[in-house]
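Each residue of the sequence shown is one higher than the one before, starting from 0 at the first, in numbering that gives the first Met the number 0.
Hints were generated in silico from the structure; no laboratory data involved. Given the structure is predicted, the values throughout are model-derived calculations rather than measurements. Don't take every hint at face value.
Taking lysine to aspartate or glutamate and the EDC-like style, the derived pairs with C-alpha atoms no more than 16 Å apart in a straight line are [stated by the list, open to error]: (1) Lys240 <-> Glu255; (2) Lys74 <-> Asp85; (3) Lys268 <-> Asp283; (4) Lys107 <-> Asp95; (5) Lys164 <-> Asp95; (6) Lys223 <-> Asp275; (7) Lys240 <-> Asp261; (8) Lys223 <-> Glu179; (9) Lys216 <-> Glu288; (10) Lys164 <-> Asp100; (11) Lys240 <-> Asp260; (12) Lys223 <-> Glu274; (13) Lys268 <-> Glu179; (14) Lys177 <-> Asp275; (15) Lys93 <-> Glu66; (16) Lys93 <-> Glu111; (17) Lys93 <-> Glu68.
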Amino acid sequence: MSARGGGGGPFPPSIPLLILRIGRRVFSMSGPFILVSPGATRGLGLALTRQYLRSTSLPVYTTHRLESEAHARIKDHIMEPLKDVDPSRLHLLKIDLRSEDSISGASKALQESLAKHGDEKKAYIRTAFIAGGILFPEKSPADLDWDHIKETFQTNVISHLLMIKHFSPFLPARKQYKGEPAKWVHVGARVGSVADNHRGGWYSYRASKAALNQVVKTFDIHLKLHTNNAICVGVHPGTVKTDLSKGYWGSEERSESFTPDDAAGNLVKLVEGLEDHQRGRVWDWAGEEVPP
0 MSARGGGGGP FPPSIPLLIL RIGRRVFSMS GPFILVSPGA TRGLGLALTR QYLRSTSLPV
60 YTTHRLESEA HARIKDHIME PLKDVDPSRL HLLKIDLRSE DSISGASKAL QESLAKHGDE
120 KKAYIRTAFI AGGILFPEKS PADLDWDHIK ETFQTNVISH LLMIKHFSPF LPARKQYKGE
180 PAKWVHVGAR VGSVADNHRG GWYSYRASKA ALNQVVKTFD IHLKLHTNNA ICVGVHPGTV
240 KTDLSKGYWG SEERSESFTP DDAAGNLVKL VEGLEDHQRG RVWDWAGEEV PP
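Please take these sequences and the hints and turn them into a complete structure.
Shown next, in the form of structure tokens:
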């Protein structure tokens, strides 16, 4: 639903929401919420944040790494094209994905915000997109660089692991929510598939995305064993026309090119339609499984 009510959003009407009514406007203050990290300043993450603000009535938490003084400017930037969306649904968290202290601090800030805006004991993640990624396109072993390799794995794998550690406690238990499973989503890439690697190159990026696929499977097993009402999946958005992929938009291998807005729409439609039997795997934007 939009902030003005109505239908057409990706969430079924059976999702329980605690509602606060102010004048004629209705929006949720507790219960399920959306998390997008990073998702406040540019690219696919920003587009996902706007997509959920536009297509649901849920609170949306999104992260950035700028100083707190920039919050107002960032919020204005996110809300600028969303004239009919109540800005009070949007919440910002400062986070540096290269620092566990920062990730831990952001999770505590989320807990405090949930307590401030409603009943944190009834709040839980409905959908989380973990989207941190970086690319150094090595063409041969001679291009491999120690610092670039470390940064690639720190961003593409380690930050995802630490987001699981500090933010997955906000996922619902089965006793808390008995509807459709919550979705914990890692943005991966088709190049992380070993079986689909026919061209080589991009050594550290391919390896990091393959490692992320293993993270997806392992965390999903954890969720299943610990009776969380949630599933973990990976998604391949196609080539999104952002700074990360600039220079590769027109190549034959990356013919599936989308604007950030189109890619976000594809992923939201995909993820909200996934069912329990599709858990623990990686899916592309069109709903086809990406082989391991």
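Evaluated hints:
1. This hinted pair checks out: Lys240 and Glu255 have alpha carbons roughly 10 Å apart, not beyond 16 Å.
2. A hinted pair counts as satisfied when its Cα atoms are at most 16 Å apart, and Lys74 with Asp85 qualifies at roughly 12 Å.
3. For the proposed pair Lys268 and Asp283, the alpha carbon gap of about 12 Å is at most 16 Å, so the pair holds.
4. Restraint check for Lys107 and Asp95: the C-alpha separation of about 14 Å stays at or below 16 Å, so the hint holds.
5. For the hint pairing Lys164 with Asp95, the CA-to-CA distance comes to about 15 Å; that is within 16 Å, so the pair holds.
6. For the hint linking Lys223 to Asp275, the alpha-carbon distance of about 10 Å falls within 16 Å, and the restraint holds.
7. Our distance criterion of 16 Å between C-alpha atoms is met by Lys240 and Asp261, whose separation comes to about 10 Å.
8. Our distance criterion of 16 Å between C-alpha atoms is met by Lys223 and Glu179, whose separation comes to about 14 Å.
9. Taken as a hint, the Lys216 and Glu288 pair is honoured in the structure, with Cα atoms around 14 Å apart against an allowance of 16 Å.
10. Our distance criterion of 16 Å between C-alpha atoms is met by Lys164 and Asp100, whose separation comes to about 12 Å.
11. In summary, the hint linking Lys240 to Asp260 is supported, as the alpha carbons are separated by about 10 Å, within the 16 Å threshold.
12. The suggested pairing of Lys223 with Glu274 holds, with an alpha-carbon distance near 14 Å, which does not exceed 16 Å.
13. Of the supplied pair hints, the one linking Lys268 and Glu179 holds, its CA atoms being roughly 15 Å apart against a limit of 16 Å.
14. Pair hint Lys177 plus Asp275 holds up; C-alpha atoms about 13 Å apart against a cutoff of 16 Å.
15. A C-alpha spacing of about 7 Å is found between Lys93 and Glu66, which places the hinted pair at or below 16 Å, so the restraint holds.
16. Proximity of Lys93 to Glu111 is assessed by CA-CA distance (about 13 Å); at most 16 Å being required, the pair is judged to hold.
17. Restraint check for Lys93 and Glu68: the C-alpha separation of about 10 Å stays at or below 16 Å, so the hint holds.
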